[in-house]
Amino acid sequence: MKTRCKVKRLAIVPAFNEGARIERVLKKIGEIDKEIDIVVIDDGSTDDTGLKSRLAGARVVRLSSNMGYGVAIQTGYKYALEKGYDYVVQLDSDGQHDPAYIPQMLGATMSGDADVVIGSRFLGEKAVLETPEAGYKVGVARRLGIRLFAFVTSKLIGLKISDPTSGYRALNKRILAFLMNDFFPYDYPDADVIVLVHRAGFKIKELPMAMHDRATGTSMHSGLRPVYYIFKIFLSMLMTLLRKKPSLP
Amino acid sequence: MLPRQKIAMIIICISIFIIILDLVRRRRLKEEYSWLWLLTSSALFVLVIQYSWLELITEAMGAVLPTTTLFIGALVFLMFLSIQFSVRISRLTDQVKNMVQENALLREKIEEIKDDKGGLVDG
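The listed protein sequences derive, respectively, from chains A and B.
Residue numbering for the first sequence follows my numbering, beginning at 1 and increasing consecutively.
Residue numbering for the second sequence follows my numbering, beginning at 1 and increasing consecutively.
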């Protein structure tokens with residue numbers, strides 16, 4: 001493992017049946033940041049995701065059954081803290097999140113600008129969102145949903161958040177220790193996590209970025225799940241506001 | 001209430017009470033889940049013995065028949081039971097999540113130790 005440098009950095013890549021694409025993503029992460037360690041949280045895949053990840057030089061933490069994105073990502077946080085990492089960046093294994101932004105994302109947390117940095121598709125010039133190179137298109141319903149969450153989240157925390165559902169995030173050690181607790185909303189952790197960490201006093205920052213389209217595979221927001229997702233996020237945000245302010249670690 | 005109805009209700013209440021206590025004794029039921037059953041069967045027993053109290057509650061609720069009160073009482077009991085189960089399932093979900101995570105991290109640690117040992121042997 002490449003852990004010689006003073007500041008330890010980790011890329012957390014939660015994956016479920018991404019054997020076809022994960023190798024390419026992991027290789028690109030390694031090319032972009034040669035000093036970063038990579039851990040793949042294999043969320044009970046039934047394909048060769050774990051093997052491909054190991055061959056690409058990543059450590060693999062395999063969950064015994066498919067527990068969902070939130071549990072996988074929190075496992076990554078626990079792994080990072082246990083291994084003494086100072087900064088982590090989390091990104092999807094399906095190639096949607098471009099590893100090219102990792103230095104920028106980690107740089108913003110390492111400089112102390114923010115405890116959590118969120119990669120936003122809707123920040124800055126419109127060109128960033130749907131460039132032909134990025135090939136990323138957001139459907140009308142999805143765009144409306146994200147806009148609604150962005151509006152509500154921004155109003156609730158008094159800070160402009162343009163893409164609260166983005167899973168491309170960089171975090172420091174302090175916030176990792178906070179998110180290890182059982183109050184972490186592992187059932188679709190999205191905008192509600194932003195409200196939670198802001199309420200706890202952590203600094204949040206967004207950086208503009210382009211995203212790529214999923215070539216194949218099933219999104220976690222397919223079928224009837226979006227209906228439950230919207231209900232859950234709003235309820236979770238409301239409850240976060242009604243609860244006592246969480247104390248910092 | 002007819003004496004026959006009263007006797008039947010008393011038998012039902014006592015039976016539920018004894019069955020629940022026996023389940024707890026044989027460790028087939030946790031104390032945590034027994035209290036609601038015991039409380040409900042006791043309350044029912046008291047209402048059957050003190051039928052005037054049931055009539056009073058019925059009047060206060062604006063119902064016509066005491067049986068309606070008992071029916072609503074049964075519904076409320078089932079609702080509380082479901083809430084108790086939902087709370088418990090939520091807690092169990094957290095526990096299962098933590099166990100799966102712990103298990104995964106431990107397995108990774110074992111693999112890391114194995115890799116290190118393999119490296120030492122090779123070296």
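It should be emphasised that the hints constitute simulated quantities derived from the structure, not laboratory data.
Among the hints, erroneous ones may be present.
As the list claims (entries may be wrong) - Partial list, derived from the structure: chain B residues whose beta carbon lies under 8 Å from chain A: (1) Ser90; (2) Asp94; (3) Val100; (4) Ala104.
Where a beta carbon is used, it is the ideal one built from N, C-alpha and C, also for glycine.
Item to check | Structure versus earlier hints, numbers of those that do not hold, lowest first | outcome: 1
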